[in-house]
Amino acid sequence: MPSHLRNRVQSAAVAGALLGIAHAMWPDPGERSVWVYRCITTFGYGHLIGAAWFARQRMAQLRPRDIPVPLWRIFIITSIGTLLGTYAWLLHLAPGLILFFFGVSAWHVAENDLALGQAYRDEGRLPDLIRSPTGHAGALAATSVVVLAGLLTPELGWTVRLGLTWTGPSLSDVFAAVTGYHLVSWVRFMIDRIRWIRWIDADSPGRMYRALLAVHALPLAISLALLGSGDRVATAETLVFGPGLYLFWSVLHVLQTAISRTQHPTGREDLFSPSHSSPITETQS
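As numbered in my numbering, residues 131 to 415 make up the sequence shown, in order.
Hints listed in this document are in silico derivations from the structure and should not be mistaken for laboratory results. Each hint should be verified, as a subset may be incorrect.
[As the list claims (entries may be wrong)] DEER-style ranges, computed between Cβ atoms:
{"hint": "1", "residue 1": "A341", "residue 2": "L135", "range": "22 to 32 Å"}
{"hint": "2", "residue 1": "I151", "residue 2": "L201", "range": "20 to 30 Å"}
{"hint": "3", "residue 1": "M131", "residue 2": "G215", "range": "44 to 54 Å"}
{"hint": "4", "residue 1": "H153", "residue 2": "I206", "range": "33 to 43 Å"}
{"hint": "5", "residue 1": "Q140", "residue 2": "Q191", "range": "31 to 41 Å"}
{"hint": "6", "residue 1": "V199", "residue 2": "G150", "range": "43 to 53 Å"}
{"hint": "7", "residue 1": "F230", "residue 2": "L201", "range": "32 to 42 Å"}
{"hint": "8", "residue 1": "L369", "residue 2": "Q140", "range": "27 to 37 Å"}
Think of the CB as a built atom: it goes at the ideal place given N, C-alpha and C, for glycine as much as any other residue.
When you get a sec, could you build the whole thing from the sequences and use the hints?
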């Protein structure tokens, strides 16, 4: 089986198994949703942090040369703060918009899945964003299926409005299936990429594994700390690790990865964007 297909099968199996375990551990849909969101977003934040950190050389090239670094950082921080305020305001006016932002995240998952297929054939190099009509059609079709599944969840109530008695999976189930698949698929790809880079620098795998652990350790530590603090911070924990705030950062992640895949670092390559060649081929991986 080709490496990219093996990645997809294994990722879907792991994501499905974890969701099945969640259903067995928390039969109550409300309690299960809380834990599903908590677990998925905790590891999802590690993914977002890792993408931003490892692509920092590429993103740094966006700064105009005549703007000092401190001023540029202030501009980025204030811009993100403004966007976050606007996002919160929009969700307050129309909570159903969360499905739109989830759709953006789902499109990223579909597009990334297509990109990983090409990356496996090109020794770990991620291509630019898909540009072919077929690629766009495939990504949009997958996104439409996810959005439709979200619309039919009990939380959004569209089945009741349409007079349907059918109740599909919960929104947390759809969120966990799509996001969980993406997270597992990317970790699996990183492991394969590290194996390819080992042929270039024998010391790289250790550094890269430590880096992957580090970017996931921070959100995990915060999640455990908030979880162990009792009811006093229950609201903060729900806010930080709920789908609403996570999807804001997820959409920024979509924008950041789209930009970074069009930039070319001038210094040492990062984990997410290697340009070195390796002797590993698709048939050998």
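We went through each hint and held it up to the structure:
Under the hint 22 to 32 Å, the C-beta atoms of A341 and L135, about 27 Å apart, fit the expected range. As the Cβ distance of I151 to L201 is approximately 49 Å, the hint placing it in 20 to 30 Å is violated. Between M131 and G215 the beta carbons are some 47 Å apart, a value that agrees with the proposed interval 44 to 54 Å. Between H153 and I206 the CB atoms are about 41 Å apart, so this pair conforms to the stated range of 33 to 43 Å.
The hinted window of 31 to 41 Å between Q140 and Q191 holds, with their beta carbons roughly 35 Å apart. Separation of V199 from G150 is about 48 Å and conforms to the stated range, judged on CB atoms against 43 to 53 Å. Checked against the hint of 32 to 42 Å, the pair F230 and L201 passes, with Cβ atoms roughly 33 Å apart. Judged by the Cβ atoms, the range 27 to 37 Å given for L369 and Q140 holds: they are separated by roughly 33 Å.
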